[in-house]
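Engineer: From first to last, the protein sequence lines are chains A and B.
Heads up, the final residue of the first sequence is numbered 301 in the working numbering, and it's a clean run with no missing numbers.
Heads up, the final residue of the second sequence is numbered 1338 in the working numbering, and it's a clean run with no missing numbers.
Check before you lean on any hint, since a few could be wrong.
[Stated by the list, open to error] With a Cα cut of at most 25 Å, we get these calculated DSS-like pairs of lysine-lysine:
{"#": "1", "chain 1": "A", "residue 1": "Lys-95", "chain 2": "A", "residue 2": "Lys-194"}
{"#": "2", "chain 1": "B", "residue 1": "Lys-1320", "chain 2": "B", "residue 2": "Lys-1002"}
{"#": "3", "chain 1": "A", "residue 1": "Lys-285", "chain 2": "B", "residue 2": "Lys-1107"}
{"#": "4", "chain 1": "B", "residue 1": "Lys-1288", "chain 2": "B", "residue 2": "Lys-1004"}
{"#": "5", "chain 1": "B", "residue 1": "Lys-1186", "chain 2": "A", "residue 2": "Lys-95"}
{"#": "6", "chain 1": "B", "residue 1": "Lys-1288", "chain 2": "A", "residue 2": "Lys-95"}
{"#": "7", "chain 1": "B", "residue 1": "Lys-1186", "chain 2": "B", "residue 2": "Lys-1157"}
{"#": "8", "chain 1": "B", "residue 1": "Lys-1002", "chain 2": "B", "residue 2": "Lys-1186"}
{"#": "9", "chain 1": "B", "residue 1": "Lys-1288", "chain 2": "A", "residue 2": "Lys-123"}
{"#": "10", "chain 1": "A", "residue 1": "Lys-123", "chain 2": "A", "residue 2": "Lys-95"}
{"#": "11", "chain 1": "A", "residue 1": "Lys-95", "chain 2": "B", "residue 2": "Lys-1107"}
Simulated from the structure, these hints should not be mistaken for lab results.
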Amino acid sequence: MDQPAHILSDILQFIFMGLQRGSIYALAAMGFNMIYNATGIINFAQGEFVVLGGLMMVTLSTALSLSIPVAFVLTTLFVTVVGICMERFTINPVKHPTVLRLIIITIAVSIIIKGAAMCLWGKNSHFMRHFSSSETWEIYGATILPQTIWIIGILLCIVAGYIFFFNYTMTGKCMRACAINRDAARLAGINDRKMVMLSFALSAGIGAIAGIIITPIIQMDYTRGALLGIKGFGAAVLGGLGNSMGAVIAGILIGILEAMAAGYVSSHYMDAIALIILLAVLFVKPSGIFGSAEAMRLKEF
Amino acid sequence: MKQKDYIGIAALTTLIIIVPYLVTNDYYLGVLIFTALNCLACIGLCLLMGYAGQISIGHGAFIAIGAYASAILTTKLGWSPWAAMGFGVVTVIFVAFFVGIPTLRLKGHYLAMATLGFASIVHIVSVAAVGFTGGPSGIMNIPRLSIFGFQLNSDVKFFYFSWAIVIAGLYLAVNLIYSRVGRGLKAIHGSQDAASSLGVNITVYKIKIFVLSAIYASISGSLYAHYVLYIDPGPFDVMHSVLLVTMVAVGGIHNIWGALTGAILLSLLPEFLSFLSDYLQGFGIRYKTDYDTLVYGAILLLIMLFLPEGLFDGLYRSIKAVFNLKNRLMKGRSQGAV
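Given only the sequences and the hints, what does the whole structure look like? Please build it.
Structural biologist: Below is the structure:
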């Protein structure tokens, strides 16, 4: 009679794995949404922020042997500055933006970051020690790494911070106003260019944190940006583009589906799952599961 | 076709005929053959991006399908290379058609991401379907092409053949631009709503041009397989699709000659950079091939920021500006004399 227990432990294992990877997609998706809400741009360099965060963390915590919290803060600051530079030097100066041009500009930035990461950190993947112990715990037959608990905890903290920031602080409310209607926000005295810069800063910072917390598990290398970025975008679309709470749920859902695909189908095709979900959502319901189709029609692409 | 297009094609043809007399090194001829293959894919991509205004970051996938169709059918089933290439084209037509119908309903960012996702899926399959594609170790011993028993067994022969196909493709594309279809596409680029109100069936046009551009990519892939005689998933990753977009954007999205210029320049760039690195070493600066990606990105960014219409257009305009200035100065002088 151990069949039901076996199924339970399998399901738990998929949920743990899904939470681990899905949290990263959720964070990447939140980054996409922030920039999208402020500017209407999809930032193709979002995945590179994640990579940059991971690689910088490896350097600070391993090569310079700083303690994890210090390295965490410094890395996040570093990538945030990269995000601000990106906005200042590549998005802000464009006087007559067209969608095609903005897409290619963010692609160019992603190539530059990728190239720089390859030059600075080399082509091999980088290892990092876990935040706490790397010994697994067993819960009902399923194993979980303490790092997974860290990942989930940090995701929850960021979601809480996000809710607090956008609902209870003046700057957050200004950003929301800009997202809803930029002209009206400007008339109300909000400096919209500053909000755009802030959105890039926050998005880069969140990307960096995603990279920092996943690196102990997946070993970061410079090529991972594109796939992480596109999976994050898949989560953003599934949750309804612009809807960050939807993105968190969608990200974790994609993570769990991926884990199940790896378990039941083949680990080779695991990466394809998120992409197939992305395409299916785009083709069937581009507004996502939590977005409204009416609001979608009013948005510009 | 306008007069300047005839002049352009004539000039390109002359250049192609001369080049093998100047470049005798097989390595550089190989580079020029890869340039031709990139040009072919970029001509198709330019029709889609520059003229119909639809971005695709997934054309590497069509190149891959063409290449794998040629490789698999010739090595495993013993088809003739031409039949395999034809089958590759037919496959790509079907795939592009069925991917295109839902994809091209999307606009802007969604279209870009959907095509990128499609390209990633094709790449993942080409790595993972080991029994079919050979997986990461790829497919070896692909036969050479031969035309009526005349084997394309040297680099010079393949050079002429590949560039002849580029010129044929270019001729077709330029003709298309000046046809009713080309004008319809430009109208779609300007405004989809306005175009459809003027009687342009935008869905059909977009899918047709998507399929056509995919055919260019597929033929480029088949030629790649028959030139290198070995394929693996490496060259068909997402980065290659991005590189194609880069080539078109750097040369000039809205002009087929610009796309061609971009494809040629960026294909030759690594060679130029390695040449430059010898020169720089004299000054004590060490240039490594690792920096290539960085240089590509920087070039693309600078072009997009300062010359959004591309190098070709920028060059054209600056030459025009110099002439205008000269004319004005001449006029000013003659007026001053009076």
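Engineer: So which of those numbered hints doesn't the model satisfy?
Structural biologist: 4, 6, 7, 10
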